[in-house]
Amino acid sequence: MKNFKFPFSIAYADTDAGGIVYHGRYIEIAERARMDMMRGIDVLSNVGGFVVREISIKYMHPLHLGDDIVVDTEITNVGGASMDLQQKFVHDDVICAIMNVKVVFIGTDMRATRIPDFVLNHLDS
Numbered sequence: 001m002k003n004f005k006f007p008f009s010i011a012y013a014d015t016d017a018g019g020i021v022y023h024g025r026y027i028e029i030a031e032r033a034r035m036d037m038m039r040g041i042d043v044l045s046n047v048g049g050f051v052v053r054e055i056s057i058k059y060m061h062p063l064h065l066g067d068d069i070v071v072d073t074e075i076t077n078v079g080g081a082s083m084d085l086q087q088k089f090v091h092d093d094v095i096c097a098i099m100n101v102k103v104v105f106i107g108t109d110m111r112a113t114r115i116p117d118f119v120l121n122h123l124d125s
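125 is the number that the numbering used here gives the last residue of the sequence shown; the numbers go up by one with no jumps.
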């Protein structure tokens, strides 16, 4: 599977009183990167979609207002109904945070189901 790169500029709304990115915003920014990764396939309205099962984050260097970053998303493992992703927050070639995410594909009945082939093909192209 390939890596997906999502550019993002840190705005005032992303920062806390200390002028650095609020820790909870990393989850929201990572979600935007995952949604961008799925761009072009209308999964949610047709057969289901991905939901987050687990997240862990390691913060190494703070991000600040005005920083232009890239969220680098790598699919590290694909199971029948789940995928493991690693998302790196990179600023000026420095990894500032690493997030590991497990997502599960659920059908329209809200139950875990095998990831459709057309989704896997999109992610591999």
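No lab work stands behind these hints, which were simulated from the structure alone. Please note that the accuracy of each hint is not assured.
Said to hold, decoys possible - Computed Cβ-Cβ distance ranges for the label pairs, DEER-style:
| no. | residue 1 | residue 2 | range |
| --- | --- | --- | --- |
| 1 | D36 | T76 | 38 to 44 angstroms |
| 2 | V52 | D124 | 20 to 26 angstroms |
| 3 | K58 | D117 | 30 to 36 angstroms |
| 4 | E28 | V78 | 37 to 43 angstroms |
| 5 | D117 | A13 | 24 to 30 angstroms |
Said to hold, decoys possible - Lysine-lysine pairs mimicking DSSO-like chemistry, simulated, CA-CA at most 27 angstroms apart:
| no. | residue 1 | residue 2 |
| --- | --- | --- |
| 6 | K5 | K58 |
| 7 | K58 | K2 |
| 8 | K102 | K2 |
These numbers come from a predicted model, not from an experiment. All C-beta atoms, glycine included, are put in the ideal place defined by N, C-alpha and C.
message = Tell me if the straight-line CA distance from K102 to K2 falls inside 27 angstroms.
response = Given pair K102, K2 holds - Cα atoms ~17 angstroms apart, limit 27 angstroms.
key: Pair hint outcome, K5 versus K58 [Cα-Cα no greater than 27 angstroms]   = holds (19 angstroms)
request  = Quickly compare the C-alpha distance for K58 and K2 to 27 angstroms and report which way the hint goes.
outcome  = The hint holds at about 23 angstroms.
ask   = Between V52 and D124, does the beta-carbon spacing fit 20 to 26 angstroms?
value = With a Cβ separation near 21 angstroms, V52 and D124 satisfy 20 to 26 angstroms, so the hint holds.
request  = Kindly confirm whether 38 to 44 angstroms is satisfied by the beta carbon distance between D36 and T76.
outcome  = Given about 18 angstroms between the Cβ atoms, the range is violated.
Range hint compliance [Cβ, K58 to D117, 30 to 36 angstroms] = holds (33 angstroms)
ask   = Okay, D117 versus A13 on CB: inside 24 to 30 angstroms?
value = Cβ of D117 to Cβ of A13: about 39 angstroms, so the range 24 to 30 angstroms is violated.
inquiry  = Against the range 37 to 43 angstroms, how does the distance between the Cβ atoms of E28 and V78 compare: consistent or not?
reply    = For E28 and V78 the Cβ distance comes to about 25 angstroms; the hint is violated.
Hint violations for this structure: numbers 1, 4 and 5, all remaining hints satisfied.
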